[in-house]
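All chains should be modelled from the sequences, with the hints used to inform the complete structure.
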Amino acid sequence: MSFFEAKKRDICARIGVFEHGGMKLSSPAAVDAETIFPELGVVRHTNVPLAAGERFTSEYLHRYRDLVAGHPLSDAVAPSGACIVAENWHTVMDNPSAFVDMLANLKRRHPPDTLWYAPAAALPSTVAVLVYAGFDLFDFVGVDLKTAQGYFCTPEGEFSADEWMDAGTCSCAGCRSGDLGEHNRTALREEIALATKMIARGTLREFIEGRCRSRAASVAALRLFDASYEYLEPRAPVAREGALLAASGESLRRPEVVRFGKRVVDRFVPTRTDVAVLLPCSAKKPYSISQSHHKFQNAVRNRGHELILTSPLGLVPRELEAVYPAAHYDVPVSGYWDREEQCIIASVLARYLARHGYARVIAHLEGGSMDIARIAAARAGIELEETCSGRPTDPASLDRLAEALDGERAIRPDTIKGTVSWQFGIDIPTGDLQVRGKPWRRLVVRGRDQVFSIDAATGLFRPTFAGWQLLGDCYRVAIDDFIPQGDILAPGVIGADDAIREGDEVFVVGRRAVATGRAAMGADEMRRSSRGVAVKVRKVQKRAVED
Amino acid sequence: MISFFIEKPLACWKGKDIYRGSVLDCLTVIFKTGGCSWNRCRMCGYRHERYSPMAPADLTTRLFAQMAWVQREYPQSDYQMVKIFTSGSFFDADEVPASARRAILEGFRGKLVIAETRPEYVSPDTIREACELVDDGSWNCPLYVATGLETTSDVIREKCIDKGFTLQEFYDAVSAAREGGAGIKTYLMMKPPFLTEREAMEDMQRSIEEAAPVSDMISMNLCTVQNRTDVEYYWKRGMYRPPYLWSALAVLAAAPVHVSCDPVGGGKKRGPHNCGSCDFDIVRGIREYSLSGDRDLLAALMETECRCKEEWEFVLAGEKPYCMPLTR
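In order, the protein sequence lines correspond to chains A and B. The first sequence: position 400 = 400 (the numbering used here), numbered continuously. Offset between the second sequence (1-based) and the numbering used here: plus 547.
Since the hints were derived computationally from the structure, they do not count as laboratory data. Values in this document were obtained by computation on a predicted structure and should not be read as measured data. Honestly, I wouldn't trust all of these hints.
Said to hold, decoys possible - These stretches of chain B come out as covered by chain A in the derived footprint (C-beta under 8 Å, 3 or more residues):
#: 1; segment: 734-744
#: 2; segment: 776-786
#: 3; segment: 856-862
#: 4; segment: 866-873
Claimed, not checked - Simulated restraints on C-beta separations:
#: 5; chain 1: A; residue 1: E19; chain 2: B; residue 2: E857; range: 32 to 40 Å
#: 6; chain 1: B; residue 1: R619; chain 2: A; residue 2: V42; range: 54 to 62 Å
#: 7; chain 1: A; residue 1: T169; chain 2: B; residue 2: E857; range: 40 to 48 Å
#: 8; chain 1: B; residue 1: S824; chain 2: A; residue 2: T169; range: 23 to 31 Å
#: 9; chain 1: A; residue 1: R109; chain 2: B; residue 2: E705; range: 24 to 32 Å
#: 10; chain 1: A; residue 1: R109; chain 2: B; residue 2: H805; range: 49 to 57 Å
#: 11; chain 1: B; residue 1: E756; chain 2: A; residue 2: R63; range: 29 to 37 Å
#: 12; chain 1: A; residue 1: R63; chain 2: B; residue 2: V761; range: 30 to 38 Å
#: 13; chain 1: A; residue 1: G53; chain 2: B; residue 2: S824; range: 30 to 38 Å
#: 14; chain 1: B; residue 1: A801; chain 2: A; residue 2: G53; range: 32 to 40 Å
#: 15; chain 1: A; residue 1: G53; chain 2: B; residue 2: A645; range: 48 to 56 Å
#: 16; chain 1: B; residue 1: P603; chain 2: A; residue 2: G53; range: 33 to 41 Å
#: 17; chain 1: B; residue 1: E705; chain 2: A; residue 2: K197; range: 46 to 54 Å
#: 18; chain 1: A; residue 1: S160; chain 2: B; residue 2: E850; range: 22 to 30 Å
Glycine residues also receive a C-beta, built at the ideal position from the N, C-alpha and C atoms.
Shown next as structure tokens:
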């Protein structure tokens, strides 16, 4: 019997604890796998390549006692807590499409609370991507082979030990004593430790976007995972604690970034759809605290719906500027918009404009962002009114903007409707709701009842019991017949709304109690795991049970 | 219009081979036939070398023509030994019609003939007849039946080769061949797919020991990557590696009997290979040993210094069924 519990997740990557036969292991980790699973050391003639066909696989795939062989064509399903050994995984390291397709299929088949072992695949140059992909356990076979071949391992690749050992690039104990084998193992352990810290601080994605550059297959794997949005997005948290650094071309396809744009188009309900004003973004976030946006807002004076055009998010309506990641991203600003950015942002804008049919669209933009607006307008079949002459913050430009809005009605942006629709996918009447409180502890109230508190860090709404009554039956987690004492664990969950992502506010419903809380894992993991906290509970209310 | 077409074997060449301690001039002929009836072995690309289906009479005519070509091109006096291959089974009457078989054997009368076949086509009567056709009294044992046993492990033969016969069926064929008056040559196959380097070595060591008591000659083939085979499918995906020449050397050196070996494709990506720098000398050495039986040569080659030896030793220890092949 063994157990695995993910303590911290970052999309597919996890920091976890694995228990097996009295042994406790923190993952990700590199170990001598045959000491933990002695049966690996005694198998003979059991090889089944990853590309083997269905009949061969079903006939010859080895059935381990304590492990489950994770072959793409095996229909065996691992029990929760098992270790899944992705046999011969090192043979697909240079084949990114097989890597991504096979792993995605395996991950869909087996429960999430399992430990994933990639034999012989880990090198300092590959292990970060393996961790990102969702592997937890590694061995020293790959680095020891490099030692035997005389290669010096670094996260940037493997190089001739004759030339590199004394080059001063590393001063580990192995390098100090001239022990290549020790250096190579240390380099692997260090890279795993580094990736682990990146998971802990929620910046593994940024780390990988940098780390993958030294191997074409790693870059390809990253891109192919991003292309499998339906696989990746449900695993991505709805909010993170820190900043989101969008510093590479791949940032545009990052699931959180794509999801933001999709929600703006598909879920978000704008305050008004008569007049739109497209504005440039600012370095300071949220935008309204920047000097430039002070000027824009003074010119607009709520006479149009402010939509901020930005990379990589595409389009941030004023109502959502405080929501993750709109207030949390950082991009390298050079004034240059590349074609890929232009294309993706224009697509979001075009879809948004096509959906909402504004009577007037005023573009208060310049340069590359103006080009994007023009592309989007053409695609959506909309005529733009352009109000910039020179810089958007020039007095002349601002005057033209104000002039263009002459006679339009002033309506304050409805942050409540905007955020609730974006976050929960539901349009609620907000006439009797008000935002109250200090900036660091803002509340949404109806009369004297609090319905939401606003998370100052993420801008997301936290519904109270009264708040959940406004939201219909979305974001629900069904639990068994018990009264939660503390957090709700995965085995207690009997159903979960598909839309739930890690970090989402959820309403817990059972026969004996209801509770408010925050999802600690996505819906799929809640339903399929037997271990780990599913919902961090905020408040519990007992229900009268009719017998 | 005159169409002109010469029927000749798939391949035919003259070389040397060792027989009871002396080196003989040897003609090797690979006849083009109706093709192997089994036609499933994972490493075998020869099975694609066949005529498209035709009437037995036509097939016989073409085989006569091939034999005539051989006799024209290679004077009888130039060789003492003949190895007959067909990309299948010489004694399979569907592949080589009986009249063609008789004509070929008669054509090689007086030679020491080694003919390859699967065991199911070996019966005392067929073999007795064949012996009579080739025997002119020059040799104590004028005919050897050669069979690709590949390994003495039924499990490996089934899984890794898909050979379709058992060790017992091979033993039965051996008895039948001996009853018919022939000797036995056994072919073994080093490192079919799905075996680690160590498993492959151990399989050969055991197979040589077990096959030796029933075989007069043993030849070990080193698996190569042939076109349009399962082996090639896996090799292209990095999931199969031909054996190291080090492994072949080690097996030959440790064998209790003389085992001949022609490392076809040795040193090439698709053939048995080491790192590329030590391959040539080892391939040449193995060929030499096959003819001379000089064990000191093997021992000396085994002591050759090369950086890839450490890699090979690591692969022997570290390559496991769940993480292989470790190298390419």
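We went through each hint and held it up to the structure:
Counting residues of the segment 734-744 of chain B whose beta carbon lies closer than 8 Å to any beta carbon of chain A gives 4, which reaches the threshold of three, so the coverage claim holds. Here's how the segment 776-786 of chain B fares: 5 of its residues keep a CB closer than 8 Å to some CB of chain A, so the rule of at least three is met and the hint holds. Counting residues of the segment 856-862 of chain B whose beta-carbon sits less than 8 Å from any beta-carbon of chain A gives 5, enough to reach three: the coverage restraint holds. Only residues whose beta carbon comes within less than 8 Å of a beta carbon in chain A count, and the segment 866-873 of chain B has 7; three or more means the coverage holds.
One distance hint, 32 to 40 Å for the beta-carbon pair E19(A) and E857(B), holds here, with the actual separation near 37 Å. The given range of 54 to 62 Å is respected by R619(B) and V42(A), whose C-beta atoms sit roughly 59 Å from each other. At roughly 23 Å, the beta carbons of T169(A) and E857(B) sit outside the given window of 40 to 48 Å. The hinted range of 23 to 31 Å is satisfied by S824(B) and T169(A), whose Cβ atoms lie roughly 28 Å apart.
Separated by about 29 Å at the C-beta atoms, R109(A) and E705(B) satisfy the suggested range of 24 to 32 Å. Checked against the hint of 49 to 57 Å, the C-beta distance between R109(A) and H805(B) comes to roughly 52 Å, which is consistent with it. Restraint check, E756(B) to R63(A): a C-beta distance of roughly 31 Å satisfies the suggested window 29 to 37 Å. Remark: the range hint 30 to 38 Å for R63(A) to V761(B) is upheld by a beta-carbon distance near 35 Å.
Distance hint check for G53(A) and S824(B): the Cβ-Cβ separation is about 37 Å, which falls inside the suggested range of 30 to 38 Å. Checked against the hint of 32 to 40 Å, the C-beta distance between A801(B) and G53(A) comes to roughly 35 Å, which is consistent with it. At roughly 38 Å, the beta-carbon separation of G53(A) and A645(B) lies outside the given 48 to 56 Å, and the hint is violated. About 35 Å separates the C-beta atoms of P603(B) and G53(A), a value consistent with the hinted range of 33 to 41 Å.
For E705(B) and K197(A), the Cβ-Cβ distance of about 50 Å falls inside the hinted range of 46 to 54 Å, so the restraint holds. The given range of 22 to 30 Å is respected by S160(A) and E850(B), whose C-beta atoms sit roughly 25 Å from each other.
The structure is inconsistent with the numbered hints 7, 15, although it conforms to all the rest.
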